[in-house]
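Participant: With chain A held as given, fit chain B onto it using these hints.
Number of protein chains: 2
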Amino acid sequence: MYVTVVHITVKPDNVNDFIAASERNHTESVKEPGNLRFDLLQSDQDPCKFILYEAYTCAEEAAKHKQTAHYQQWRDTVADWMAEPRQGVVYKGLKP
Amino acid sequence: MYVTVVHITVKPDNVNDFIAASERNHTESVKEPGNLRFDLLQSDQDPCKFILYEAYTCAEEAAKHKQTAHYQQWRDTVADWMAEPRQGVVYKGLKP
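For the protein sequence lines, the chains are A and B, in the order given. If you number the first sequence the way my numbering does, the last residue is 742 and the count never jumps. If you number the second sequence the way my numbering does, the last residue is 742 and the count never jumps.
In isolation and in its complexed conformation, chain A is listed as follows (with noise of 0.2 Å):
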């Protein structure tokens, strides 16, 4: 399991609006061949931080993920939305 952990952090008035959008590329994402998770997470702490917790098959399926026009448009859509840019952690996923 090939998994990245994105950090994002949203302006505060584009959380709905990121929610929305972020839901859409979720309904799309699990639906690629490769793909095991794609969990929308929202802080507990802060409402305008975010993690997508992307979990692929390996690192080639992942790197599918983002040639898809579901990624595209919402990478696009999103853009102005930041307050900081993303990160995206790459680990290794021993279990399952």
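Since the hints were made in silico from the structure, they are not lab data. Just to be clear, a hint being listed does not mean it is correct.
As the list makes no split between identical chains, a pair holds if one copy fits it or if it spans any two.
What the hints assert, rightly or not - Here are the simulated DSS-like cross-link-like pairs (lysine-lysine), alpha carbons at most 27 Å apart as the crow flies: (1) K710 x K741; (2) K741 x K677; (3) K738 x K712; (4) K738 x K695; (5) K677 x K710; (6) K738 x K657; (7) K738 x K677; (8) K657 x K741.
Facilitator: Below, chain B alone, put in the same frame as chain A:
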């Protein structure tokens, strides 16, 4: 979905033992009725850095995890292997 992202840094000499103990904890934790995910991740950049990604149906089910024998055994087993205190960050799972 109630998610705790636990950030863990292990002393270099204890990495393999930590993985073995955490795999045992994973195996039992995913059997808990309220558990949705219990992923063990190792950083791609630093083999001493881990995440436990623990998703439960609600906060009450997550709290029950801490009462289980397998959690308490894991906690006591790994205590001396921590390079710094663990940090658990709580998120609301918006999707799924």
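Participant: At most 27 Å between C-alpha atoms: does K710 with K741 qualify within a copy, between copies, both, or neither?
Facilitator: both (23 Å within a copy, 21 Å between copies)
Participant: Which holds for K738 with K695 at a C-alpha limit of 27 Å: within a copy, between copies, both or neither?
Facilitator: both (23 Å within a copy, 11 Å between copies)
Participant: At most 27 Å between C-alpha atoms: does K741 with K677 qualify within a copy, between copies, both, or neither?
Facilitator: both (22 Å within a copy, 14 Å between copies)
Participant: Classify it for me, K677 with K710: is the Cα-Cα distance of at most 27 Å met within a copy, between copies, both or neither?
Facilitator: Only inside one copy: K677 and K710 sit 13 Å apart there, 32 Å across copies, limit 27 Å.
Participant: When no copy is specified for K738 and K677, does a C-alpha distance of 27 Å or less occur within a copy, between copies, both, or neither?
Facilitator: both (22 Å within a copy, 22 Å between copies)
Participant: Checking an output row: K657 and K741, CA cutoff 27 Å. Within, between, both or neither?
Facilitator: Classified as between: cross-chain Cα gap 20 Å, same-chain 34 Å, threshold 27 Å.
Participant: Regarding K738 and K657, is the shortest C-alpha distance of 27 Å or less found within a copy, between copies, in both, or in neither?
Facilitator: between (30 Å within a copy, 18 Å between copies)
Participant: Please work out whether the CA atoms of K738 and K712 approach to 27 Å or closer within one copy, between two copies, in both situations, or in neither?
Facilitator: Both, since 19 Å and 25 Å are each at most 27 Å.
Hint violations for this structure: none, all hints satisfied.
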